[in-house]
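Kindly generate the complete structure, drawing on both the sequences and the hints.
Going down the list, the protein sequences come from chains C and W.
Residue numbering for the first sequence is 89 to 206, as defined by my numbering.
Residue numbering for the second sequence is 4 to 118, as defined by my numbering.
Any given hint might turn out to be false.
Claimed, not checked - Partner residues aside, some chain C positions facing chain W, computed with beta carbon under 8 Å:
{"hint": "1", "residue": "T102"}
{"hint": "2", "residue": "G104"}
{"hint": "3", "residue": "S121"}
{"hint": "4", "residue": "E140"}
{"hint": "5", "residue": "P149"}
{"hint": "6", "residue": "R151"}
{"hint": "7", "residue": "F152"}
{"hint": "8", "residue": "L178"}
{"hint": "9", "residue": "S182"}
{"hint": "10", "residue": "F197"}
Keep in mind that the hints were calculated from the coordinates and are not lab data.
Treat the numbers as computed from the prediction; the structure is a model and nothing was measured.
Note that the Cβ used here is the ideal one computed from N, Cα and C, for glycine as well.
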Amino acid sequence: KAGVTQTPRYLIKTRGQQVTLSCSPISGHRSVSWYQQTPGQGLQFLFEYFSETQRNKGNFPGRFSGRQFSNSRSEMNVSTLELGDSALYLCASSLGYEWGNLAKNIQYFGAGTRLSVL
Amino acid sequence: GESVGLHLPTLSVQEGDNSIINCAYSNSASDYFIWYKQESGKGPQFIIDIRSNMDKRQGQRVTVLLNKTVKHLSLQIAATQPGDSAVYFCAEISPFSGGYNKLIFGAGTRLAVHP
Numbered sequence: 089k090a091g092v093t094q095t096p097r098y099l100i101k102t103r104g105q106q107v108t109l110s111c112s113p114i115s116g117h118r119s120v121s122w123y124q125q126t127p128g129q130g131l132q133f134l135f136e137y138f139s140e141t142q143r144n145k146g147n148f149p150g151r152f153s154g155r156q157f158s159n160s161r162s163e164m165n166v167s168t169l170e171l172g173d174s175a176l177y178l179c180a181s182s183l184g185y186e187w188g189n190l191a192k193n194i195q196y197f198g199a200g201t202r203l204s205v206l
Numbered sequence: 004g005e006s007v008g009l010h011l012p013t014l015s016v017q018e019g020d021n022s023i024i025n026c027a028y029s030n031s032a033s034d035y036f037i038w039y040k041q042e043s044g045k046g047p048q049f050i051i052d053i054r055s056n057m058d059k060r061q062g063q064r065v066t067v068l069l070n071k072t073v074k075h076l077s078l079q080i081a082a083t084q085p086g087d088s089a090v091y092f093c094a095e096i097s098p099f100s101g102g103y104n105k106l107i108f109g110a111g112t113r114l115a116v117h118p
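Structure below.
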């Protein structure tokens, strides 16, 4: 089975621009979560999508948004980029259970998109 | 490769020794815990998980211990190998703080294995 695929792997943008990152989950997974990883703040949850609906959201400004398509692929968008948005953005997919057998609800991560804002 | 964390605590061990990586979690209501391993240039990789109704769980060369009284989690790696060199993160899930698909990660520990 193919793993979680994130594109592109690297991006360089300038302040004020906007960016869109893409994530293709493992086949059969309906939940896609996004995380931001920085040396200073570590790994922080951005949001989670399940069946095309945002189900959970972290503490990030409205400049960070996402969506999920009917095939479970997801995109996240960051508008009006700031220098502090430079980070590794990770996507994880899972079956998306909210209850029950959590052993089947493991989140599998992609390799990430490294975003540099200049 | 990309740096995961420039100022992470580092555990240095000799190849063949046992490693113990510790983690303090934040929410007493968390009921599910996971250890991830992140190698340079890669995303976190699942190692082992444990529910809050358990104290110990064993996998292949790894054991996770949970002490709910002091909100402490540990990962033991037996016979550490050079391929175990990575950053290790604990993560907790609290169903009342975002559901079962929101991982709250610890700061991470870098494991360096020396031959």
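A quick look at each hint next to the structure:
| no. | hint | in the structure |
| --- | --- | --- |
| 1 | T102 | violated (20 Å) |
| 2 | G104 | violated (24 Å) |
| 3 | S121 | holds (6 Å) |
| 4 | E140 | violated (15 Å) |
| 5 | P149 | violated (18 Å) |
| 6 | R151 | violated (20 Å) |
| 7 | F152 | violated (15 Å) |
| 8 | L178 | holds (5 Å) |
| 9 | S182 | holds (6 Å) |
| 10 | F197 | holds (3 Å) |
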